[in-house]
Amino acid sequence: MLCPVKHRSAKAQADLTVIRARAGLVRARTALVNTARGLAKSYGERLRGCNPRNMNPKKSEELSPELQTALQPLLAGLESLSEQIREYNERIEELAQESYPQVALLKQVKGVGTLIGLTFLLTLEDPHRFRKSRDVGCYLGLQPGRRNSGQSEPQMHISKEGDPYLRTLLVQGAQHILGPFGVD
Numbered sequence: 003m004l005c006p007v008k009h010r011s012a013k014a015q016a017d018l019t020v021i022r023a024r025a026g027l028v029r030a031r032t033a034l035v036n037t038a039r040g041l042a043k044s045y046g047e048r049l050r051g052c053n054p055r056n057m058n059p060k061k062s063e064e065l066s067p068e069l070q071t072a073l074q075p076l077l078a079g080l081e082s083l084s085e086q087i088r089e090y091n092e093r094i095e096e097l098a099q100e101s102y103p104q105v106a107l108l109k110q111v112k113g114v115g116t117l118i119g120l121t122f123l124l125t126l127e128d129p130h131r132f133r134k135s136r137d138v139g140c141y142l143g144l145q146p147g148r149r150n151s152g153q154s155e156p157q158m159h160i161s162k163e164g165d166p167y168l169r170t171l172l173v174q175g176a177q178h179i180l181g182p183f184g185v186d
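The numbering used here applies: residue 3 is where the sequence shown begins, and numbers increase by one.
It is possible that part of the hints are untrue.
Distance windows between CB atoms, simulated [unchecked claim]:
#	residue 1	residue 2	range
1	19	135	25 to 35 angstroms
2	101	74	10 to 20 angstroms
3	137	70	50 to 60 angstroms
4	138	71	36 to 46 angstroms
5	134	36	35 to 45 angstroms
Under the rule of at most 35 angstroms between Cα atoms (straight-line distance), these lysine-lysine pairs were calculated in the DSBU-like manner [claimed, not checked]:
#	residue 1	residue 2
6	134	8
7	8	109
8	112	134
9	162	13
10	109	134
Read the hints as simulated data drawn from the structure, not as lab findings.
Cβ coordinates follow ideal geometry from the N, Cα and C atoms, glycine included.
Can you build the whole structure from these sequences, using the hints too?
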């Protein structure tokens with residue numbers, strides 16, 4: 003009736019920590035971009051081309067001098083965070099190639115890259131602990147919740163019981179497929 007609890011190995015935990023540290027930097031970079039945009043907007047100005055991946059301090063040259071002075075350290079911090087995220091991306095690629103060859107199989111699926119594949123592998127770690135492949139969806143919280151009675155069977159939202167970061171990555175991969183980059 004009850005399933006035994008399976009703890010992650012120390013190596014899997016350490017490798018997953020690298021992925022989670024990268025996620026923390028991405029969240030921090032997003033917060034800094036939003037702060038810079040909000041501060042510029044309070045002056046009635048816009049920070050143009052504010053994509054976090056290619057943000058550079060030169061974008062602030064068209065802003066007023068007071069705003070440039072205020073935003074310069076913030077934009078320098080953005081540049082530093084972007085560089086650290088690039089380093090984490092390289093480290094994750096190396097990790098996947100050296101230690102986890104199964105990631106190459108997962109990357110064959112459209113919308114699944116190294117980050118999604120490696121996070122999936124490290125979160126599940128041992129796929130043989132699941133009797134059926136359907137159990138993986140339940141483990142990740144992708145199964146709809148239930149509140150059945152004798153008379154009704156309402157359609158509920160997903161249970162969200164599993165790893166929220168992996169679920170976020172899986173949704174982003176699905177949106178990539180369904181968006182303009184999809185096959186159809």
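Verification of the hints:
1. 19 to 135: 25 to 35 angstroms: For residue 135 against residue 19, whose Cβ atoms are near 27 angstroms apart, the range 25 to 35 angstroms holds.
2. 101 to 74: 10 to 20 angstroms: 41 angstroms, violated
3. 137 to 70: 50 to 60 angstroms: 55 angstroms, holds
4. 138 to 71: 36 to 46 angstroms: Violated - the Cβ-Cβ distance for residue 138 and residue 71, about 52 angstroms, lies outside 36 to 46 angstroms.
5. 134 to 36: 35 to 45 angstroms: With a Cβ separation near 42 angstroms, residue 134 and residue 36 satisfy 35 to 45 angstroms, so the hint holds.
6. 134 to 8: 17 angstroms, holds
7. 8 to 109: 26 angstroms, holds
8. 112 to 134: 23 angstroms, holds
9. 162 to 13: 26 angstroms, holds
10. 109 to 134: With Cα atoms ~22 angstroms apart, residue 109 and residue 134 stay inside 35 angstroms; holds.
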